[in-house]
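> Here is what each chain is made of, one letter per residue.
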Amino acid sequence: MRRSVHPWLLAACSALVVCSLALPLSTLAQTPVRGGTVIVGVQSDIPHLDPHRSALTITYVALSPLYQTLVDLGPNLELRPLLATSWKVSPDGLTWTFALRRGVRFHNGRELTSRDVKFSIERILNPKTGARGRGDLSVVDSIATPDPSTVQFRLKSPFGVFPTKLATTYQAIIPAEAVDPATNQVTKAIGTGPFQFAEWKTNDHLALRRFDRYWEPGRPYLDEILIKPIPDETVRLTALQTGDITLALDVPQVRLAELFRRPSPDYVIRLVRGGGGQGVVILNTRRKPFDNLKVRQAVAYAMNKRELTDAAFRGWGRPVNQNFAPSSPWYLPVKDRPWDVAKAKQLLAEAGMPEGFKTTMTVGNGYGLPAVAQVFQAQMRRIGVDVALQVYDIPSWAKRIDSGDFDIDNTGYFPKVDPDDAYYRYLHTNGGVWQLSGYLHNAELDRLLDQGRAESDPAKRRTIYARVVQIVQDEASMLIFGSGDSAVGWRSALRGFAPQLIGALSYPGGGLQEAWLAK
Amino acid sequence: MKRRWRALLRHRLAIVGGGLTAALVVAALGAPLIARDDPLGMHMAASLEPPSAQHWFGTDQFGRDIWARVVYGARLSFGVGLLSMLLATAAGLPLGAAAGYLGGPFDALAMRVMDAVLAFPAILLAIGLVAALGPGTGSGIIAIGIVYVPVVARVSRAAVLARCREEYVDAARALGETDWGVLTRHVLPNCLAPVLVQVTVGFASAIVIEAGLSFLGAGTPPPAPSWGGMLNEARQYMAASPCVAVFPGLAISIAVLGFNLLGDAMRDVLDPRLRR
Amino acid sequence: MIPYLQTRLAALALVLLLMSMIVFSFVHLIPGDPVEAMLGVEVDASTKQGLRHALGFDRPLAAQYALWIGRALRGDLGTSVRTNQRVTAILAEKLPITLGLTLAAAGVGLAIALPAGVVAAVRRDSLVDLGAMGIALAGVSIPSFWLGVMLILLFSLHWRLLPAIGYVPFARDPLGALRHLVLPAVTLGLGLAGALTRMVRSGVLEELGQDYVRTARAKGLRAGAVIARHVLRNALLPTLTVLGVQVSVLLGGAVITEQIFAWPGVGQLAVQAVLSRDYPVLQGTILVVAALATVIQLLVDLAYALMDPRVRYT
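Residue numbers (my numbering), protein chains in the order written: chain Y, 1 to 519; chain P, 1 to 276; chain A, 1 to 314.
Chain Y with its partners taken away, still in its complex shape (with noise of 0.2 Å):
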């Protein structure tokens, strides 16, 4: 019944419509059933259980089914209550209160509290423990609890947005007897989530077992979830295809024509809108010639947004202007810069640089970049640019991104939740990762993202983005290109499973803890 829909369709319409649409089809068809095994093919292993100290999305992925966070992502990053019920903010704008959701049991038995949400927080803002989530929560002075069921949290400044800050399993509520009070590890991997740890055997599988003590009444359905990582993209959809797995993450984009002409009625596949992120090129304002705003633009203008969105996506993205897809509320009508050649070459001239220059790319060695770059690379040619491409593996390449030691950098940015994720960072001053924007140095920028930050009503904070995403593409440091699609397929026996956009297996309402096998 779910098949009758044309895929062609269903891939023109935004993800929303999209999950709408799979959901109640394929829930109401049948009442669900418990037990069964859901294998899932993901792209690589995890690196380790501690849901805080990564910074890959294999451990947002992997782990969600296992630990939870105050608050949650819809299956479009809407925000949702998870552990906390609701929450509340001070007239002041520094005092956030959270109400816990009471009967929460650990996979231990024990009742989750505030202390131990006060306890993660905490953990995540110690700077010896490496936490991905620490960079987003440095606005928080002190945490206190007031009783069992309440957390408050004091920010050093209003921030109108704060509660998406603790929406994601770098942001995970884990009990302090999980961590080794000596060496600040997770020790053994507890949390709130469905599923409960079982087993891991490293490049091999991952296994959760079906929690069942969970908060939700009856759920989740299935027994056993085994997250086996396998990095060839071809291998992982043929083993999709010949039934070896039971969901896929991550389809090849250059297999979706092909899947989309040709429905099979053993599985199905799922494009997520916006689910690739966005591509950007980052010149770095601190290096000839690029501390020149013309050659900056000359830059942009011989960019083809078109082609370099194609081969980031193979097919599957739209040029862009920002860092949201289309399909995102947050994408804001900017005009976006045409490419021209001719406009190019006579800002080259204009700069004093009528025959063009040499200049280097750092390309890391990974997550299609390379691609990228070499796209880049050719049309730079056109206007004389000579870039050297210097891939560099994930490691060697961070660090010289980190110290600034590039001419030229390209990376993917992951789809956002909100604007303060997508800007701030990249773009202020203090936001940790400025060399992100290639050292992009604008005093309006700073008030601008403060202003945003501190702001909650979405149409002035509209007005405000809109700003800023027009001064970085004037400034043209942070070429953002393109915005991609992902794709994930399951097997037609799996029902009940809607894909979230950033790619979480599990969440409340959607994912692995409402799916279940039909017999």
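Quick caveat, the hints were computed from the structure, so don't treat them as lab data.
There could be a bad hint or two in this list.
[What the hints assert, rightly or not] Below, computed lysine to aspartate or glutamate pairings styled on DMTMM-like, alpha-carbon distance capped at 20 Å:
id, chain 1, residue 1, chain 2, residue 2
1, Y, Lys-399, A, Glu-206
2, Y, Lys-335, Y, Glu-350
3, Y, Lys-343, Y, Glu-355
4, Y, Lys-399, A, Asp-129
[Stated by the list, open to error] Not close to chain A: a few residues of chain P, all C-beta gaps over 12 Å, as computed:
id, residue
5, Ala-53
6, Leu-102
7, Leu-161
8, Trp-180
9, Gly-181
[Claimed, not checked] If you want the footprint, here are the derived chain Y segments under chain P, 3+ residues with CB under 8 Å:
id, segment
10, 250 to 260
11, 305 to 311
12, 338 to 345
13, 385 to 399
Note that the Cβ used here is the ideal one computed from N, Cα and C, for glycine as well.
Since chain Y is already given, all that's left is putting chains P and A on it; use the hints.
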């Protein structure tokens, strides 16, 4: 009759090896003439096309001509083989010769270090060296050279040891030649044959290691047409378009086969002990 | 024999110590550290520095080496920076997987090389010989990473005969384990088969020319019996030596083969450890693998000495 047939067989393998190697050299030197297209020229609209009159081997994911890239890849592979073997010989030959000639503690220590290097799986050592040296074909060449130093050193040492026992060396010494003179004038010239054979076979290893490094993404950076790099990029597209994976792989195999055959033939001709 | 063994063992100890120094300095030469690998480009510098300090990677290298080698001598290879598991425990889990693959590959290699080498030698200079040698050379010349990719393309994606990737423990599912073993073992074993075929052929050829073979033939023994009873035993000695040398090559080949077929063995562990700069795992893995190859080499030499009375040691 039988003898002639055997000679012919040997001869044939040598001819095949020489022919394949010559083809590689011709492709390497004459790439601009043979390639028919720009190996870096992108045509995104014409990507992943099957072989045709215009694109003999089809096109890759950026619409680049695979024939042109394979031909230019020969240039890269040959260059890597040549330079890395020169490096390995420049370091390994003196080291091995000195160890063999001097003997004693220097020999023991040098050879134990060589053993230690040799005990690492070559590809892993090369990956680490490239990571340490930074990206680029140059790093790959140095890494492969270093990996191959112990091999050349061992062969040189064995050859020097064997020659030192010969009478003409004693004779030269008796005539008052210095150590240096004996080594350079009498011993080394007679050691070159086995080293040359080893280096020819090493060419094949160098091509495989370079391709392996690029296959793992640690070799020649894109967009330079490296056979291993092409194969690495091809993995994503090979289900949709097998050409991208088939031709670079064939090129590697043929080049390696050529050097192996040539090495075998040279061993037969140059090494009198194996000549029967 | 005993003094020889003592010399060899002393040399082994020296090689291992040198190796540990090479491994250590070389691993730390690589730019970028575990913290960069773990936290990527989107985490600020002060968070990274905090973790670096907590893990002890800001201490002088000599001090780090002393600490590591001191523990290693007591059998403690440290703890993975990445997974927080003990390196010895990781190796205990991964080594059998790789050794299984290596053994299977050696099996494939011998299964091809013995008959092919013997037939090629007996029917020397015939078309059979030419064919066998051609295949052997092709086996040596086809790089394993291409062969593996082609085998997946044909047997898994095209014909759907065998699983493309993955590892199944024999205890869990014997048939599934074998099915998953076929492609990687062939990928890794074919190159070995090429090298061994040539060894077997030349070994058999050499023995066939010996007087005792002519004597045996003159006594009326059938050619097959002569080969089975006398020639093969003597011809296998050099083959054994090659097999010993090839162990290190096989373990190296396993690095790429495991990468292609997603086998959770030592090879993948090592590559991942390089990419994540997991110093303890990388150091431990390389040291153990290199030591293993060296020890196997020693055992092969000893076996050679025992089997061949012509070899004497001083």
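> Now, for every hint given, state plainly whether the structure supports it.
Quick rundown of the hints versus the structure:
1. Simply put, Lys-399 of chain Y and Glu-206 of chain A have alpha-carbon atoms about 58 Å apart, too far for the 20 Å limit, and the pair is violated.
2. Among the hinted pairs, Lys-335 of chain Y with Glu-350 of chain Y is inconsistent with the structure: their alpha-carbon atoms are about 24 Å apart, more than 20 Å.
3. Between Lys-343 of chain Y and Glu-355 of chain Y the alpha-carbon distance is near 14 Å, which keeps this suggested pair within the 20 Å criterion.
4. With a C-alpha separation of about 56 Å, the suggested pair Lys-399 of chain Y and Asp-129 of chain A falls outside the 20 Å cut-off, and the hint is violated.
5. Taking the minimum C-beta to C-beta distance to chain A, about 26 Å, the non-interface status of Ala-53 of chain P holds against the 12 Å cut.
6. Against chain A, the non-interface label of Leu-102 of chain P holds: every CB pair exceeds 12 Å, the least being about 18 Å.
7. With 12 Å as the threshold on Cβ separation, the claim that Leu-161 of chain P sits away from chain A holds: the shortest Cβ distance comes to roughly 15 Å.
8. Every CB of chain A is more than 12 Å from the CB of Trp-180 of chain P (nearest about 29 Å), matching its label as outside the interface.
9. Once the 12 Å rule is applied to beta carbons, Gly-181 of chain P is consistent with being away from chain A; the minimum gap is 31 Å.
10. Remark: the segment 250 to 260 of chain Y is confirmed as covered by chain P, as 4 of its residues place a Cβ nearer than 8 Å to a Cβ of that chain, reaching the required three.
11. Counting residues of the segment 305 to 311 of chain Y whose CB lies closer than 8 Å to any CB of chain P gives 3, so the stated coverage by that chain holds, three being the minimum.
12. Only residues whose beta carbon comes within less than 8 Å of a beta carbon in chain P count, and the segment 338 to 345 of chain Y has 0; fewer than three means the coverage is violated.
13. Judged by the Cβ-Cβ criterion of 8 Å, the segment 385 to 399 of chain Y is covered by chain P as claimed, because 6 of its residues qualify and three suffice.
When held up to the earlier numbered hints, the structure conflicts with 1, 2, 4, 12 and fits the remainder.
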